[in-house]
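Peer 1: One line per chain: the protein sequences are A and B, in this order.
Here the first sequence is numbered in our numbering, starting from 1 and rising by one per residue.
Here the second sequence is numbered in our numbering, starting from 158 and rising by one per residue.
Among the clues, some could well be false.
Below, computed lysine-lysine pairings styled on DSSO-like, alpha-carbon distance capped at 30 Å [what the hints assert, rightly or not]:
id : chain 1 : residue 1 : chain 2 : residue 2
1  : A       : Lys73     : B       : Lys193
2  : A       : Lys118    : B       : Lys585
3  : A       : Lys128    : B       : Lys843
4  : A       : Lys129    : B       : Lys843
5  : A       : Lys13     : B       : Lys193
6  : A       : Lys149    : B       : Lys585
7  : B       : Lys458    : A       : Lys7
8  : B       : Lys324    : B       : Lys458
9  : B       : Lys458    : B       : Lys307
For the record, the hints were derived by calculation from the structure and aren't laboratory data.
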Amino acid sequence: MSKHLLKFTVNGKDHAVVVQSHERLLDVLRDRLGLKGTKEGCSTGDCGICGVLMDGRLVNSCLILAIQARNKKIETIEGIGSAENLHPIQRAFVNWNASQCGFCIPAMILASKNLLEKNPNPTEDDIKKATSGILCRCTGYVKIFEAVKTAAQEMRS
Amino acid sequence: MVEDQATLKKLINGNQFLLVGKSIQRVDSIDKVLGKPIYTMDIVPENALYLKVVRSRLAHAFLKHVDLSEARKYPGVAAVITANDIPGINESTALLPDKPLLASGRVRFAGEPIAAIASYDPSIAEEAVDLVRIEYEALPAVFSPVDALKSSAPSIHQNGNIAKHMKLRKGDVEEGFKQADLIVEETYKSQFQEPIPLEPEAGFVVPEPDGSVTCVGSIQSPFHVQTGIAKILSLRPEQVRVIQAVTGGAFGPKSDEIPVDVLGMAAVVAVKTRKPAALAYTREESMVGHTKRHPFVTTLKAGVKKDGKFTAWQATLLADTGAYASLGPLVVIRACFHATGPYVIPNVRTDAYCVYTNNTMAGSFRGFGGPQAHFAAESHVEEIAKKLDMDPIEFRLLNILRPGTLMATSQVVDEACGLEECVNRAVKESDWYGKREQFRKMSGPKRRGLGIAIMYHGNSLGPEGSDYAAVHMQIDKDGIISFRTGLTEYGTGAPSGLLQIAAETMHLPISYFKLEPPDTDFCSETGPTVASRTITIGGRATQMVAGKLHQRLRETAAELLDCNADEIESTDAMYYQRSKPGRRASFREVIEYADKHGTELKEAGTFTAPKCEYNPETSQGTTYLQYTYGAVTAEVEVDTETGHTQVLRMVTAYDVGKTINPLSLEGQIEGGTAQGLGYALMEELKHKDGIVLNPNLADYYIPTSMDIPEIKTIIVEYPGHLGPYGAKAIGEPPIVLPAPAIVNAIDNALGVRLHEIPTTPDRVLIACKRARKDQRPK
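Just need the whole structure built from these sequences, with the hints factored in.
Peer 2: Quick look at the structure:
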C-alpha cells in the first residue's frame, strides 16, 4: 500500500499527515486530526451526514479519498463557531430547537453555511435543495428550514 | 390529582406558568450544533479492540460446521468469539427467551450473528470475517405470516409459530352483522418499515480490574442492557455499569435486545481479552440486524346501518415478527386494542396474532402497532363511507369516540377527549369542502385529492408492563442542581422537558439544572425509555421529586429565617416569609446555609402509574390510563402517467393534553409526520427468501427535504389525568395517521383504493389500470 504526504488546510489550520492511498477523508479527519464532529451514517454516500466543505463545495467525506484533499481547504463543524461565539446558523438551530438527535446537524449546518455564502437571500425551495443531500430522520426538516431562514435574515442585517 | 375536567382545565388555563408551555431551548442543543464528541464512536478508548460480526447467509439452517481456523490465524486478529465463549447464558432477548446472542447449531434468519472477530484495526477484523467457512444444512423456511400459520409450515420455535394470540370480545358480532344493512370486508397489507436512526447501533465495553464491566452505548434503556449483559457475563446486575452516550436517533430498536446484542458481543470480547472492546454496526448490519416495524396483514369486516351507525366490527391481524419475537407480542396487544380506530362500535371481535417467520426481526418502532391498526381501520372507514354514499367527515363524526362513549375495550371515554375538536379544526384548516369540490372538477394527467384519517393512542405502557420512572436530584454547594434519571435522550427533547417541569415545580431558572447522562451506577431502575412515556410518567416522577426538594429548600430557608416552613413562599430563586415578605433569603444563601450546617439537599423517588385492569381473554376493561387523539389531512397531487404522488400540504391536529414545550412539541409532530409520509409513500424493507434486498439508503428511501409538504400543526388541549399538568404522550402518535390520510387522499384524487402500502408509483399505476378496466363497458 503506497503512502502519501497529505498537506491540506482544515478550518484555517495547515496540516501535514502521511496517509495510505485507500484512506478516506472522513477517517483522517476523525481519527488522525481528532475532529469527531464529522459523523458516519452509511459509508456509501447516501445519507450525507459525513458532509464537509472542500474548497467551498459540500462533499461526502466518506466518498473522498484523503489524498484528494491535497492542497485543498476543508471546513468542518469544529471551524464554524464556539460555545462563546456561535455562528448565526448555529444560534438559529439552537433557537428553533432544530436539532433533535443531532447526528445530521454538523452536515446540515455546513450545507446551510455553504448556501448562505453563495445565496444570502434563499427561498424555501433553495434551502430544500441545498439540504436535500443530507438525511434527517428526526425533525421532518421543518425547523431546519426555519433556522436557515432566520440565520439568513440575521446574516444579511 | 384533580379529577374534574372543568376544574383541571380552569386551573391549568388560569395558572400562570413560569416555564411550562414555553419554548425553552433544549439543554443538549449547544453541544450538538458545535459537533462536540458526544456520541459513542467519538469517545471509544484509544486501546480498544473493534469487533466485526460473522452473520448467517441463510434464513433457516442447521450450522453443520463453523470453521474459524483461518480467521484465528489471520495476522492482527486478537480474538474470535462464538457461543462457546459466552461465560453466562447465551441469550439476548426482549420478552420471550427465544433468541441467542450468538447462534449455535441453528440459525433462523439471514443475518443472524454466529461469531465475532476482534482486532485493533477494524479493517483486519472485517477481512477475517471473509475467512470464516460455514457449512449449512438448509431447513424448510417460511416467509409470510399467512404461510407460517398453515399446518404444513415448518416450526421455527418449539411451541409453533404463534408467539402471541390476543383477543378482544365485545358484545356479539354475529348478531351485529345480522342487524347491518351493509357489510364491507377487505384485507389491508403493510410493510416492514425500517426505523433508520441516523447513528447506527454502537457500543463499547471496558473491563474493570474488579471483574465488573462498564458499558457505554447508543441505547434507549440502560437497565434492560444491564440485566441483559449481566446474564451473558454471569455477573450480578450491579457489576454491570451502563452509561448512555448521546444517542443519534433510536425510534424503538435501541430499546430492547439490539443494544444487548451489540454490547453483549463486545462484553464477551472485553472479558476474554481484558481489553476495551467496541462494536459499531454498519448501515447494512443495522438494517438487517435490528428490529423494524411489523408487516401486518389485516382483514376487516364491518357492518353498518343505512343511517351510518356501526353495528359490528371484526378484525384479524397477522403480524410478521420475523425469526424472534422481540416485543412483537406487546405490539399485537396494542394493535388489538386499537383495531377499530377511534369509533363507537357495539359489537367487536378482534384476533391479533404475532407470528414467527424466517424474515429478519420486527419489534419496537415508534407507534408500536398503532400505525398498522389505523392504516387498516381508517382505510376501511373510508371504504364504508363511500359505499354508504356519505361524506367521510359526516360518517366519522357520527361514530367517533366522545366523552361518555365506550371504546372497543368498553373503557369509558373520559372528559379528556378532544377528538371531535381535532377533526373539526383539521377540516376547517384544510378547507376540506372547498378543496374537495375544486379537485372533483380537475382533469388531465395530474389529479389532486384531499384525505383525512383520525386516531386515538393509549398512553404509556398500559398493559405492556409495569409503568414507573425514577428521578434523583441533588444540589451541590455551588448551587448546581443535578438531575438524574434512567430515562434517556435520543432526540426527543423529552429529558429537557423534564428539567422544565423540575424548574417549574421549584420556581427556579432552568439554567440552575444540569441533566446528567443516564448511568445505572447513579440512578435507580427506571424502566425503558419507550411508549412516549418520558413526559407522562417521568414528568410525574419529576414533579414528585422536585416537589420534595423544593420542600427541603423551604425548610432550610425557614431555619435560616427562623420561621415555620409552611410560612415560606418562593419566587425567582428567592425565599421569603409570607407574613413578612421583607424577611427573605436568596437561593444562594439557602444553599450556603445548608452546606454550613451539613444539610444534604438531595431527593429521589419513583413514580408508579396505577395498574390497568382488564380481562386478558376479552380485552375488556381499562387498557390505558390516558389517550392522545388526533386528526390529519393530506392534500396530494398524483401523476397518473408516472404514478408519482407528491404530498402538498398536511394539517395535523392533536389533542396533547397540555403543551410543555411548544417548539419541541411541533418538532415531534413534524418529525413523526415525515416518518409517516415515508411509511405511506416509499419505505419498504424488501425480503426475498428471507434475505433483505435493499439494506442501504440508496435502495431504501426515506423522505428528504424535497419530500416535505407544508405541515400545519394545530394543538388542542384536553388535559389528561396521568401526565404532569395534564400532558399526554406525543412522541409516537404523529407517525400513525399520515399513511391512511395519504391513501385516502389518493382515493379522492383517482377514485382508486390502494389496499397495500407503501403506495409506490408502480402500485398506483397498476391500481389506475385496474380502475380503467373496471370502468370499461362490458
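Peer 1: Against each hint, give a clear statement of whether it holds in the structure.
Peer 2: Evaluated hints:
For the proposed pair Lys73/A and Lys193/B, the alpha carbon gap of about 21 Å is at most 30 Å, so the pair holds. The straight-line distance between the Cα atoms of Lys118/A and Lys585/B is roughly 40 Å, outside the 30 Å bound, and the hint therefore fails. For the hint pairing Lys128/A with Lys843/B, the CA-to-CA distance comes to about 29 Å; that is within 30 Å, so the pair holds. A threshold of 30 Å between alpha carbons decides the hint, and for Lys129/A with Lys843/B the separation of about 29 Å falls inside it, so the pair holds.
Distance restraint check for Lys13/A and Lys193/B: the Cα-Cα separation of roughly 19 Å lies within the 30 Å cut-off, and the hinted pair is therefore satisfied. For the given pair, Lys149/A sits about 28 Å from Lys585/B by alpha-carbon distance, which is consistent with the 30 Å threshold. Distance hint between Lys458/B and Lys7/A is unfulfilled; the C-alpha atoms sit about 70 Å from each other, more than 30 Å. The straight-line distance between the Cα atoms of Lys324/B and Lys458/B is roughly 16 Å, inside the 30 Å bound, and the hint therefore holds.
Simply put, Lys458/B and Lys307/B have alpha-carbon atoms about 22 Å apart, close enough for the 30 Å limit, and the pair holds.
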